[in-house]
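Asker: Chain by chain, the residues:
There are 2 protein chains.
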Amino acid sequence: MRRVRYSVAMSLDGFIAGPKGESDWIVMDPEIDFEALASSFDTVLLGRKTYEAARQMGGGPEMPGMQEIVLSRTLRQSECHGVTVSDDARNTVVKLKAEPGKDIWLFGGGSLFQSLLGMSLVDTVEVAIVPVLLGGGVRLLPDPAERAQLKLTKHRVYAKTGTVALEYDVT
Amino acid sequence: MRRVRYSVAMSLDGFIAGPKGESDWIVMDPEIDFEALASSFDTVLLGRKTYEAARQMGGGPEMPGMQEIVLSRTLRQSECHGVTVSDDARNTVVKLKAEPGKDIWLFGGGSLFQSLLGMSLVDTVEVAIVPVLLGGGVRLLPDPAERAQLKLTKHRVYAKTGTVALEYDVT
Numbered sequence: 001m002r003r004v005r006y007s008v009a010m011s012l013d014g015f016i017a018g019p020k021g022e023s024d025w026i027v028m029d030p031e032i033d034f035e036a037l038a039s040s041f042d043t044v045l046l047g048r049k050t051y052e053a054a055r056q057m058g059g060g061p062e063m064p065g066m067q068e069i070v071l072s073r074t075l076r077q078s079e080c081h082g083v084t085v086s087d088d089a090r091n092t093v094v095k096l097k098a099e100p101g102k103d104i105w106l107f108g109g110g111s112l113f114q115s116l117l118g119m120s121l122v123d124t125v126e127v128a129i130v131p132v133l134l135g136g137g138v139r140l141l142p143d144p145a146e147r148a149q150l151k152l153t154k155h156r157v158y159a160k161t162g163t164v165a166l167e168y169d170v171t
Numbered sequence: 001m002r003r004v005r006y007s008v009a010m011s012l013d014g015f016i017a018g019p020k021g022e023s024d025w026i027v028m029d030p031e032i033d034f035e036a037l038a039s040s041f042d043t044v045l046l047g048r049k050t051y052e053a054a055r056q057m058g059g060g061p062e063m064p065g066m067q068e069i070v071l072s073r074t075l076r077q078s079e080c081h082g083v084t085v086s087d088d089a090r091n092t093v094v095k096l097k098a099e100p101g102k103d104i105w106l107f108g109g110g111s112l113f114q115s116l117l118g119m120s121l122v123d124t125v126e127v128a129i130v131p132v133l134l135g136g137g138v139r140l141l142p143d144p145a146e147r148a149q150l151k152l153t154k155h156r157v158y159a160k161t162g163t164v165a166l167e168y169d170v171t
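Residue numbers (my numbering), protein chains in the order written: chain S, 1 to 171; chain F, 1 to 171.
There's no promise every hint is true.
Under the rule of at most 35 Å between Cα atoms (straight-line distance), these lysine-lysine pairs were calculated in the DSBU-like manner [as the list claims (entries may be wrong)]:
#1 F:LYS97 / F:LYS49
#2 S:LYS154 / F:LYS160
#3 F:LYS154 / S:LYS154
#4 F:LYS20 / S:LYS151
#5 F:LYS49 / F:LYS151
#6 F:LYS20 / F:LYS151
#7 S:LYS160 / F:LYS97
#8 F:LYS151 / S:LYS160
#9 F:LYS160 / F:LYS20
#10 F:LYS151 / S:LYS20
#11 S:LYS160 / S:LYS49
#12 F:LYS154 / S:LYS20
#13 S:LYS151 / F:LYS49
#14 S:LYS151 / F:LYS154
#15 F:LYS151 / F:LYS95
#16 F:LYS49 / S:LYS20
#17 F:LYS102 / F:LYS151
#18 S:LYS102 / F:LYS160
#19 F:LYS151 / S:LYS49
#20 S:LYS102 / S:LYS151
#21 F:LYS160 / F:LYS49
#22 F:LYS102 / S:LYS160
#23 F:LYS154 / S:LYS160
#24 F:LYS151 / S:LYS151
#25 S:LYS102 / S:LYS154
#26 S:LYS154 / S:LYS95
#27 F:LYS20 / F:LYS154
#28 F:LYS160 / F:LYS102
#29 F:LYS20 / S:LYS154
#30 S:LYS95 / S:LYS20
#31 S:LYS20 / F:LYS20
#32 F:LYS151 / S:LYS154
#33 F:LYS160 / S:LYS151
#34 S:LYS160 / S:LYS102
#35 F:LYS160 / S:LYS97
#36 S:LYS160 / F:LYS160
#37 S:LYS49 / F:LYS20
#38 F:LYS102 / F:LYS20
#39 F:LYS154 / F:LYS95
Just so you know, the hints here were simulated from the structure itself, not pulled from any lab data.
Turn these sequences into a full structure, and let the hints steer you where they fit.
Answerer: What follows is the structure in structure tokens.
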């Protein structure tokens, strides 16, 4: 079955974006193979805020060849081009997981992760820990949320930038 | 010069204690050498809340041979036995760092770390990332705080429990 993988860059203090949505703190380590990462997915899940932030910064689908699905109770399909809008996160994700295909990239943000984690629909959490304390912003997992046990399955240290990539199964 | 080292266990979502101060999520990996860690310090810094939580759970100094210093503007020395109380964090820590001795353990909590980090008095951040999402509790670094750059200096993965120990210099 296709897995839903929450794959994000995170500051050591647990933020995936700065207070104003900044991503300027994310250092691009030349050894990280983003293409290989991206090619393991064919579908992207976005929450409303993440979608709107991405749209504001450039607009349009950013990931050619990927099916982009925005999970939102308030957005309308007619307002959004190049993406599929769904107001039923549970059924959409359950259905996607049962279909054939590559893995599903839970791109963010934290609120969507929180919802899907609460429905036991997230298979892995994959964080690239960037060596910075942001002190504010969008959290990996907004609180309060239920406690969830993880299992470390993979790790890699990128020496040039000090980025630490950790992969966990949600157990 | 003696270093102030913020050495704590942390959940992947950035908590150093649960919503009720719980530490039951901290798995004790048999390969982690706590004695070696503790023996690198001779002084412990505690914030008021951390001190009061420790006192409530057992009372008295928990670390024989260590000088315990509680940094608090409200506690009085006469209320606290076996520890030194100071209401002047900056001067106390500046003075301690200039004295001879082993390193200084910033034991917690997050608020004390936030204060001392803002005064550029913290040398390292050393986290043992426990494979769990707590979903609430005491944060590694309460927000809002200033952004701080880190430099990864050491890492170790403890295979049995999946704990990942990361050490950073504050730069």
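Asker: Hint by hint, say whether it matches the structure.
Answerer: We went through each hint and held it up to the structure:
1. Simply put, F:LYS97 and F:LYS49 have alpha-carbon atoms about 23 Å apart, close enough for the 35 Å limit, and the pair holds.
2. Pair hint S:LYS154 plus F:LYS160 holds up; C-alpha atoms about 13 Å apart against a cutoff of 35 Å.
3. Under the criterion of a C-alpha separation no larger than 35 Å, the hint pairing F:LYS154 with S:LYS154 is consistent with the structure, at around 18 Å.
4. Distance check on the hinted pair: F:LYS20 and S:LYS151 sit about 24 Å apart at the alpha-carbon level, within 35 Å; holds.
5. Restraint check: the Cα-Cα separation between F:LYS49 and F:LYS151 comes to about 29 Å, which is no more than 35 Å; the hinted pair holds.
6. As the CA atoms of F:LYS20 and F:LYS151 are separated by approximately 32 Å, the hinted pair is consistent with the 35 Å bound.
7. Restraint check for S:LYS160 and F:LYS97: the C-alpha separation of about 31 Å stays at or below 35 Å, so the hint holds.
8. Straight-line distance between C-alpha atoms of F:LYS151 and S:LYS160 comes to about 10 Å, which keeps the hinted pair within the 35 Å bound.
9. Restraint check: the Cα-Cα separation between F:LYS160 and F:LYS20 comes to about 27 Å, which is no more than 35 Å; the hinted pair holds.
10. Proposed proximity of F:LYS151 and S:LYS20 is supported: the alpha carbons are some 24 Å apart, at most 35 Å.
11. Proximity of S:LYS160 to S:LYS49 is assessed by CA-CA distance (about 32 Å); at most 35 Å being required, the pair is judged to hold.
12. Pair hint F:LYS154 plus S:LYS20 holds up; C-alpha atoms about 31 Å apart against a cutoff of 35 Å.
13. Restraint check for S:LYS151 and F:LYS49: satisfied, since their Cα atoms lie roughly 31 Å apart, inside the 35 Å limit.
14. Using a Cα cut-off of 35 Å, the hinted pair S:LYS151 and F:LYS154 holds, with the two alpha carbons roughly 22 Å apart.
15. For the hint pairing F:LYS151 with F:LYS95, the CA-to-CA distance comes to about 26 Å; that is within 35 Å, so the pair holds.
16. With a CA separation close to 31 Å, the supplied pair F:LYS49 and S:LYS20 stays within the 35 Å bound.
17. A C-alpha spacing of about 22 Å is found between F:LYS102 and F:LYS151, which places the hinted pair at or below 35 Å, so the restraint holds.
18. The suggested pairing of S:LYS102 with F:LYS160 holds, with an alpha-carbon distance near 31 Å, which does not exceed 35 Å.
19. Annotation: proposed proximity of F:LYS151 to S:LYS49 holds, straight-line Cα distance about 31 Å (limit 35 Å).
20. Between the alpha carbons of S:LYS102 and S:LYS151 the distance comes to roughly 22 Å, so the proposed pair stays at or under 35 Å and holds.
21. Among the hinted pairs, F:LYS160 with F:LYS49 is consistent with the structure: their alpha-carbon atoms are about 32 Å apart, no more than 35 Å.
22. Between F:LYS102 and S:LYS160 the CA atoms are separated by roughly 31 Å; this keeps the pair inside 35 Å, and the hint holds.
23. Only pairs whose Cα atoms come within 35 Å are accepted, and F:LYS154 paired with S:LYS160 is accepted, the gap being roughly 13 Å.
24. Distance check on the hinted pair: F:LYS151 and S:LYS151 sit about 26 Å apart at the alpha-carbon level, within 35 Å; holds.
25. Our distance criterion of 35 Å between C-alpha atoms is met by S:LYS102 and S:LYS154, whose separation comes to about 19 Å.
26. For the given pair, S:LYS154 sits about 28 Å from S:LYS95 by alpha-carbon distance, which is consistent with the 35 Å threshold.
27. Distance check on the hinted pair: F:LYS20 and F:LYS154 sit about 31 Å apart at the alpha-carbon level, within 35 Å; holds.
28. For a cut-off of 35 Å, the pair hint linking F:LYS160 to F:LYS102 stands: about 30 Å separates their Cα positions.
29. Of the supplied pair hints, the one linking F:LYS20 and S:LYS154 holds, its CA atoms being roughly 31 Å apart against a limit of 35 Å.
30. Between S:LYS95 and S:LYS20 the alpha-carbon distance is near 34 Å, which keeps this suggested pair within the 35 Å criterion.
31. At roughly 30 Å between alpha-carbon atoms, S:LYS20 and F:LYS20 fall within 35 Å of each other, so this suggested pair holds.
32. This hinted pair checks out: F:LYS151 and S:LYS154 have alpha carbons roughly 22 Å apart, not beyond 35 Å.
33. The suggested pairing of F:LYS160 with S:LYS151 holds, with an alpha-carbon distance near 10 Å, which does not exceed 35 Å.
34. A hinted pair counts as satisfied when its Cα atoms are at most 35 Å apart, and S:LYS160 with S:LYS102 qualifies at roughly 30 Å.
35. Only pairs whose Cα atoms come within 35 Å are accepted, and F:LYS160 paired with S:LYS97 is accepted, the gap being roughly 31 Å.
36. At roughly 28 Å between alpha-carbon atoms, S:LYS160 and F:LYS160 fall within 35 Å of each other, so this suggested pair holds.
37. Annotation: proposed proximity of S:LYS49 to F:LYS20 holds, straight-line Cα distance about 31 Å (limit 35 Å).
38. For the hint linking F:LYS102 to F:LYS20, the alpha-carbon distance of about 32 Å falls within 35 Å, and the restraint holds.
39. Restraint check: the Cα-Cα separation between F:LYS154 and F:LYS95 comes to about 28 Å, which is no more than 35 Å; the hinted pair holds.
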